[in-house]
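Each chain sits in its own coordinate frame; assemble them with the hints.
If you want the building blocks of each chain, they are given just below.
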Amino acid sequence: MKLSRLTPRQLLEIDACTRCGECLRYCPVYIEREEEAINPRGKIRAIKRFIRSQFGIWAKLFGPKKLSEDQLKKFSEMVYRCTLCGECGMVCPVSIRSKDLWIGLREVLVELGYYPKEFDTLKKNVLTEHNISGLDNEGRIEWLEAMGDLPEHRYQKEKAEVIYFVGCVASYFPMVHKIPQGMVNIMRRAQVDFALLGGAEWCCGFPLIGAGMRKEAEEMMAHNLEEVRKKGAHTAIFTCPSCFHTWKEEYHSEINLFHFTQFLLNLIQEGKISFKEEKLKVTYHDPCDLGRASGIYDPPRAILRAMPGVELVEMKDHGPYCRCCGGGGNLEMIDPELSAALAREKIKQIQETGAEMVVTSCQQCIRTIMTTARRMKIPIKALNLTELVLKHMK
Amino acid sequence: MDKHTLFYAMFIPSMILFLLGMGFRISLYLQGTVKGAEQATSWQKLWVLLRRGWRGFWKRPIWYLQITITDVLFHRKLYGQSFYRWLAHSFIVFGFVATFIVDMIKGLTTGYLVEWSHCLPFLSFAHAFETGAIRPFLDFFLEFFSFLILVGCVMALIRRFIFRPPQLKTEEEDITSLCFILFLELSGFFIEGYRIAHPEVVTKRVYMANFTPPSANNWLSFGGYSISLFLKGVTINPDFLWYFHVVPSLLFFIYIPHSKLLHIFTSSATVIGDRTREKEKQPY
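Sequence order for the protein chains is Y and U. Mapping of the first sequence onto this note's numbering: position 338 corresponds to residue 338, and the numbering continues sequentially without gaps. Mapping of the second sequence onto this note's numbering: position 208 corresponds to residue 208, and the numbering continues sequentially without gaps.
This is chain U alone, in the form it adopts within the complex (with noise of 0.2 Å):
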């Protein structure tokens, strides 16, 4: 079986698991009491819950765009109350959302545009991201990217082990979301260095993720490019790495909904619920 098809062999399933979780969660909440519509069943509730939402944001669209990218996104009450803290979290939230914006164009335009391209000539932009004068800057905006998180998990570990702060308390959960996290990055960045230093690993298509060709630019991946120059004499069977890097990915996907990791969507929920509140609260 190829790696394309073996990826979606575990993706699937494990996306399936995710919303499975996240399901789970929500009808959880469901079984709360939404205030004019106390006799509701969950399915109600969510409706009614969902179309409320739907008409607030239609209310005020741009001010909501605003507040999701203020109050979510850049963590505006954060930043007021430690800054330490407000850099650490920023570094990981805008590390995670920004790779996963530039994998998605890669992933988009070499995998599927480039190959669909041949048939349909108007997709030979696509080219330009593979071979052409994108490449460097995915390239590099994808290593610069993964690189944030990394920072960023390190800050949280050193604010959590050698800090200390009196009020931090860590958690089993914490140990193990940071530890994700730290290893997916840290795995990421040596699988990219095993690839520079060992082309043929690329010609073989043994990883999915390059079946693009190899960059002439390979010093812009540059947390990788750094660690290949400690790989050349190495040999590692390249599909163990392969999985090595994958299945914990996908497990860090399943784990999201039972763990402090929810807070992503919880946290993001709960912020723009009160500054809507705030903002729809009669002036005393």
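Just chain Y, same shape as in the assembly (with noise of 0.2 Å):
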């Protein structure tokens, strides 16, 4: 085992937790499956364990204990049962950085070579055909063959002033065609000059990343920076929380970066978007990547309230502490069933609002609410912003 995975900050915040518990109220898988072990404390607890038992006092004077097959498992299986939303870190007393630090372990078990093997799948996707479906990445952009009224170019123009980086999974799953379908829809009515990647947009790392491989994601990242910059772009938008928070984060460049979001309440503020009015109550869902950890919460609020008619009710946990909706960090691919569960407390508290429908910004979140929603037959509508803003643009 080596630490060399883990920067000298999360080596530093595993002996800064003093496992108070305040996480726990806020950790929605140890909230659904109550197992000491796989909430914030237990995994820090264990991973404290190896970490003594590798570089201790006593292993320095009598060498490191051989770790155990069993409890390496068993510690993957908690660190991997998690869906990076982050709220433990936000609520963190002595601001640990909760989901850096969970990536970082995934990190050292990828290493040890302890992780879920449907990873070396979405790896072998990502790496070979550039997306996570697997699928020939000149598909990536099918869903406007559902369009009508195309220009020649179909956005892929060789020169545009934004970019418009659909990401894998509002390209691949039928389900959230919709959203790029509406987002290019705005774009085209608010006469912005766009373009596509095409087939030369690659998956942007973040599934990568989150599984503990990094490294792997590097290559993704130069060639998505490489083919934007060749577009002559100075901006990019994303309607992926996901994309936009990696690109933010990790891909270091001088291009502006916006989520949907940002970009359409300039437009609306531009009066390039206005809007007819129609009687309709909603709730809102922050999703994990576009909230906690990019600390957009007011935008599409503003957007919301911009709207004509709109009534906005809050969840019971709403902004920095919305409840995740089980799809992130890659859960859905090693325990469904965990995924599904925490997406029907989503819908519970969805429910528990009375609003129409539920409105977010993020295709992930869409797929896993209204995917527990039809298989438990509970009749509710999610809908992304894009297709909102859409139906109500003038």
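FYI, nobody ran anything at the bench for these hints, they're computed from the structure. Wrong hints could be hidden among the right ones.
Stated by the list, open to error - Here are the simulated DSBU-like cross-link-like pairs (lysine-lysine), alpha carbons at most 35 Å apart as the crow flies:
1. U/LYS169 <-> Y/LYS66
2. U/LYS35 <-> Y/LYS48
3. Y/LYS215 <-> U/LYS35
4. U/LYS281 <-> Y/LYS2
5. Y/LYS74 <-> U/LYS169
6. Y/LYS248 <-> U/LYS232
7. Y/LYS48 <-> U/LYS77
8. U/LYS59 <-> Y/LYS215
9. U/LYS169 <-> U/LYS260
10. Y/LYS48 <-> U/LYS260
11. Y/LYS159 <-> Y/LYS391
12. Y/LYS248 <-> U/LYS77
13. Y/LYS377 <-> Y/LYS117
14. Y/LYS66 <-> Y/LYS48
15. Y/LYS48 <-> Y/LYS178
16. Y/LYS2 <-> U/LYS35
17. Y/LYS74 <-> Y/LYS248
18. Y/LYS391 <-> Y/LYS377
19. Y/LYS178 <-> Y/LYS272
20. Y/LYS73 <-> U/LYS169
21. Y/LYS348 <-> Y/LYS391
22. U/LYS279 <-> Y/LYS2
23. U/LYS232 <-> Y/LYS48
24. Y/LYS348 <-> U/LYS169
25. U/LYS45 <-> Y/LYS73
26. Y/LYS215 <-> U/LYS260
27. U/LYS279 <-> Y/LYS48
To be verified - FRET-style restraints, in silico, Cβ to Cβ:
28. U/VAL234 <-> Y/GLN71: 47 to 55 Å
29. Y/LEU67 <-> U/SER27: 18 to 26 Å
30. Y/GLN71 <-> U/ILE236: 46 to 54 Å
31. Y/LEU61 <-> U/MET22: 16 to 24 Å
32. Y/THR128 <-> U/TRP54: 40 to 48 Å
Unchecked claim - In silico contact screen, one side only, chain U against chain Y (beta carbon under 10 Å); selected entries:
33. LEU28
34. LEU30
35. GLU171
36. ILE175
37. THR176
38. ASP274
39. ARG277
40. GLU278
Ideal Cβ placement from N, Cα and C applies to all residues, glycine included.
Structure representation (structure tokens):
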């Protein structure tokens, strides 16, 4: 076991945790499973034990203990059963950046070879086909086919001021194709000069980073950045909060990055988008990577407030405390039942508001919520903000 | 061997063990990878981090000072989460910091400056700390801040063993740390009470801390004074009492780097690091 996968700060954080348990009340996975080892405190205690057995004073004097395979397997199971929602870090009294720490621990586990084997498929798909689904990457813009009135360039122009980075989920999952379609329609109507990367768009790298395979993600990042630069764009916009967050935190580029909620709000403020009145009661779900990770809570709410007739009712847990829908951290791949259980809790909160629909700004949240709702035959409506904006646009 | 020499004979090795413990922890942290210095040795990494910290600090020193006060010393985040926890923790932290400061002032002035003032007359102001106007304040505040630690410790024990919030899990380390603090405080008050009840102990200079002459206002040391009322007829070997308080105090010091108490340093670093990151983050 090497500690080089972690940063000095993360190693210090492991010691800074007082195991006070403040995070337990907020960890959606722990609330569901009630297993001590699965909560943030349990994970920190376990890694502390491993570190002590390998690098502690006794280990220095008498040699490190051999790590037990069972313990490592169990630890891996716990570390990967996490949505990386980051709520634990947000409430931590000593400000441990737990989301980064969990990803760091995943990197340690990948190095040791203790990670869910489903991630090998993910890695293969991303590295060979450059998307998470393993389908031909040229098919990234098949969702365009369903749109009428396409210009000849099909938005894959040589040069453009703005690049719309669609992301894998919205490109390959028909359930959420309406999101990029909606976004393209809005930009078209607002006369934004934009382009798509099409087959040149690769996975942003987030699924690999989240799986603990950061090194493998570097190739994706370098490629995407190069492609955006080739188009001469000064701005990139994202409908996927995870792509947006990854670009913001990992790409270190000169490109102006906007989540679509910020971008649309600007268009509204510039008068390029206006709305017709329609009575509607909605609630808003803050995606983890947009809210807690990126600190964007107001723009989507400001857009909803700008729509005449739309009434926003907040869920019990909203804003920084918004409960994860269960769709993050690749959890769905390794424990779909747990992911669905978290979605059920989310649906309960949505229903408690009495809203006609839940609006969100993430394709993965829509997928997770709607898949569970359909499976459980719960009559609930989830809409991405792009769809709602398009529907209400004059 | 007099108490002064004896104390330093124990204190210096304890200090060395404490520093070795801290050094051991830091060497562990330096096994991590520093961004931008991936191939560096541990010493190089330490240098890089210290340099970054130093430069960062001088970019906005006032802000760092402010954060240290509000977020590290006064635990702003904890205040927003639980007033009870915040109060208990603040009593302990503030009590320790303030006791340390007052104790240092008292020790420096009455233990050294007064002696030196015989050769260096400009140090004669130190007499005010020994027998003059400042002495009652020193006595009172030393007692008061120690009392705060005791109250904080009792509050923490009540929360842990009586209120028992569901998320709380008591580990051996928690019990050890709390017992240590509780013992040090109680033994401190007891020893103070014994000193007040038996002025001959001071005259014979049994306690190092009481090279200072007896105070005319012993009642200001309210905790020790209250205990002294019960100790007038009790005789205990004062040397034993001295060891009874000093040895565990030094052991406590050595224990810090190997226990949860290490969070005194580590969590201060994580909080400052986190606020810096928030501050330096590009606006979204």
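Task: Given hint U/LYS35 paired with Y/LYS215 - CA-CA distance at most 35 Å - done: Holds, at roughly 14 Å.
Task: Pairwise hint evaluation, U/LYS169 against Y/LYS73, where the allowed Cα distance is 35 Å at most - done: holds (24 Å)
Open item on the list: Would the hint linking Y/LYS74 and U/LYS169 be met if the CA-CA limit is 35 Å?
Closed with: holds (21 Å)
- [ ] Decide if the proposed pair is consistent with the structure: U/LYS232 and Y/LYS48, CA atoms, cutoff 35 Å inclusive.
- [x] violated (50 Å)
Open item on the list: For the restraint on U/LEU30, tell me whether the closest CB of chain Y is nearer than 10 Å.
Closed with: This hint holds: U/LEU30 lies near chain Y, its Cβ roughly 6 Å from the closest one there, short of 10 Å.
Open item on the list: For U/LYS35 and Y/LYS48, compute the direct alpha-carbon distance and say whether it is at most 35 Å.
Closed with: holds (23 Å)
TODO: Starting from U/LYS169, check that the Cα of U/LYS260 is at most 35 Å away, please.
DONE: holds (14 Å)
Open item on the list: Less than 10 Å between beta-carbons is the criterion; does U/ILE175 satisfy it with respect to chain Y?
Closed with: The hint is violated - U/ILE175 has no Cβ within 10 Å of chain Y, the shortest such distance being about 13 Å.
TODO: With 40 to 48 Å as the target window, see if Y/THR128 and U/TRP54 comply at their CB atoms.
DONE: Since the Cβ atoms of Y/THR128 and U/TRP54 sit about 46 Å apart, the hinted range of 40 to 48 Å holds.
Task: Agreement of Y/LYS348 and Y/LYS391 with the hint, judged by alpha carbon distance not exceeding 35 Å - done: holds (26 Å)
Task: Proposed interface contact between U/LEU28 and chain Y, which counts if any beta carbon pair is under 10 Å - done: This interface hint holds because 6 Å falls under the 10 Å limit.
Task: Hint check, U/ASP274 versus chain Y [nearest Cβ-Cβ separation less than 10 Å] - done: holds (4 Å)
Hint compliance for this structure: hints 6, 15, 23, 36 and 37 are not met, and every other hint is.
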